[in-house]
Amino acid sequence: MAVAAEVPVVRVAGGRTSDDLRALWVVWKRELIRFSRNRMRIATSLAQPVLFLFILGTGLSTVISTADHFNFRTFMFPGVLGMTVLFTSIFSAISIVWDREFGFLREMLVAPVHRWTLVLGKCLGGATVATIQGAIMLALAGLVGVPYNPVMLLVLLLEMMLTAFALTAFGVMLAARISDVQSFQVVTQLFVLPMFFLSGAVFPVTKLPAWLGVLSKLDPLSYAVDPLRKEVFSTLSIPPVIRHTFDPGVSWGAWNLPVGFEVGLVALAAAAMLAVAIQQFSRPS
Amino acid sequence: MWQAVRVTQLDTRPVTAPRDGAAPAIAARELRKTYKEIEAVRGVSFEVATGEIFGFLGPNGAGKSTTISMLCTLVNPSSGQAHVAGYDVVADQARVRQRIGLVFQDTTLDDYLTAAENLRFHAELYGVPREVVAVRLRQVLEMVDLWDRRDGLVQTFSGGMKRRLEIARGLLHSPTVLFLDEPTVGLDPQTRSHIWSYIQELRRREQITIFLTTHYMDEAEYCDRLAIIDNGVLVAIDTPEVLKASIGEDRVELHTEDDQEAISRLLQQFQITAQVSEGAVTFHVPLGEQFVPRLFAELGVPIRSIRVARPTLDDVFMTYTGRTIRDAEVTGSERLRANPWMRARGRR
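Protein sequence lines correspond, in order, to chains A and B.
According to my numbering, the stretch in the first sequence is residues 46 to 330, in order.
According to my numbering, the stretch in the second sequence is residues 99 to 446, in order.
Calculated directly from the structure, the hints in this document are not laboratory data.
Note that this is a predicted model, so its numbers are computed, not measured.
For every residue, glycine included, the Cβ atom is placed at its ideal position computed from N, Cα and C.
A portion of the hints provided could be inaccurate.
As the list claims (entries may be wrong) - To spell it out: a stretch of chain A is covered by chain B in this simulated footprint if at least three of its residues, at any positions, have a beta carbon under 8 Å from a beta carbon of chain B; those stretches are: (1) 78-90; (2) 155-168.
Unchecked claim - DEER-style ranges, computed between Cβ atoms: (3) B:Q179 to A:S63: 28 to 38 Å; (4) B:E135 to A:L235: 26 to 36 Å; (5) A:R82 to B:A232: 14 to 24 Å; (6) B:D246 to A:D225: 34 to 44 Å; (7) A:S63 to B:E299: 28 to 38 Å; (8) A:T280 to B:D246: 47 to 57 Å; (9) B:A125 to A:T62: 28 to 38 Å; (10) B:T132 to A:I177: 40 to 50 Å.
Please work from the sequences and hints to get the whole structure.
Quick look at the structure:
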């Protein structure tokens, strides 16, 4: 029996849940460390939404005349929250392409852990960073006539988390196929900006020509921005006409989609993209 | 400090693979890798004993990196088999991965993290038991003289420091086999010799097997055994001494007024085949010093300078492949495409 104590424990690499969780945690933590070290990145990724909200928003509000002096920036606010989350998430996903270029990705891919832990850790890390950025923007609510309602803030935060996760998964899925930063930027211009404009983030999409309307409904971001806007508008006391113009919701034919359905769609898309991303990174070379 | 912790006692060694060195640390049989149009590795077989420093010597594009990638489970062989630390590199990928340390040709550190953070990241990924992480971290960092710089961001490190940090990281989880792909390429001579003293100290202290690739001849001298690889084929395997002794002839390098004439006269008058290599008429003869006077007397082509040298690994390489390693680099440069890292970067 004394012998048994001397035999070293044989561990099956990556087979234990605790090993996977440690890997997932450390990949997540790395995202946060890198984010916190890069003050420039924090500043620049906040500058853009702030510019949109206070410069573009103010500029547009001078040409859009509404009754009761409805603040156009109030309309834009949820859209700008979506924008913050969108750009931060995609930027986080880009870091995979950087990691590939600078070799660190290899350090991760040769580790004796399941690949899904790496991909999920990355997505959760990117989502956390994007949610933090979104929360900072949320603090500006009072400046654009949105009350600091605790329930609203919490709901917005949760919706942003889900959106951030879905968008990071989307970015990681793209990053799996892309080997250099330049092509990723092209893809970003090709996908991300149109997604942003068609989502109803900066202008209402109900009165668009038919072909743009269809594209807007195909845009997954539409279903993420709309719940944010509904939540913000639920705290406002405004005339029904204005509500109808600026918070029209997304309809399929005559059916105005309920928030729960939209959130479900985003969650479903997140799961699907995460699955594809994991599958992409698990292929043997 | 060194005696404080032997992580190897805590885990990772398979019961099935005895530690007395009876089972080879690496065994490859007819390993072959064919990319679409390129046969990068054409059936190599070899064994590396536990505790050995084993080197793969060859020009760029000879198949070194592809072989190491297959042994490290990064690339699946097209055919053939390999066992590392007792496990099959295809069927038991995860077990192999936990038992090997890797130091790549290009840096794979995160510049935005500190040295210690890079190592902690690695410790978590490799499941190093939490209670030994701090001690082991200090151990490996002290070994490569980076303990004082542990909280420095890696982006502030020099090339040599980065390489040392990578070696430390490769050792963190107490691997049984350490793979070093061109460990000193691109470093200045002083840093190179430092890194080699770490590697030798490592072998003494950790009793691990080291598999490395190199195209530096002086570096190859440090290996216990060498395999010479050219065009994806192993042309010789033995200790550096035996390889050099097997040549048995000295190398003579001539600068003459007319190299072509010198080569044809060498063939006619002395039955010696010579060739121009790195700008000098080069050939091998037994007892080179005694041959020199005859050369001056009988060659009939004015000689500007002459050099006689005992066999080096350069000569070994030349004997087995018909060219020097530097000449092979030039003609082999287009084969770089076969390098899996280059390919991995170019696509996917």
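Are there hints from earlier that the structure breaks, and if so, what are their numbers? Hints that this structure does not satisfy do not exist here, as all of them hold.
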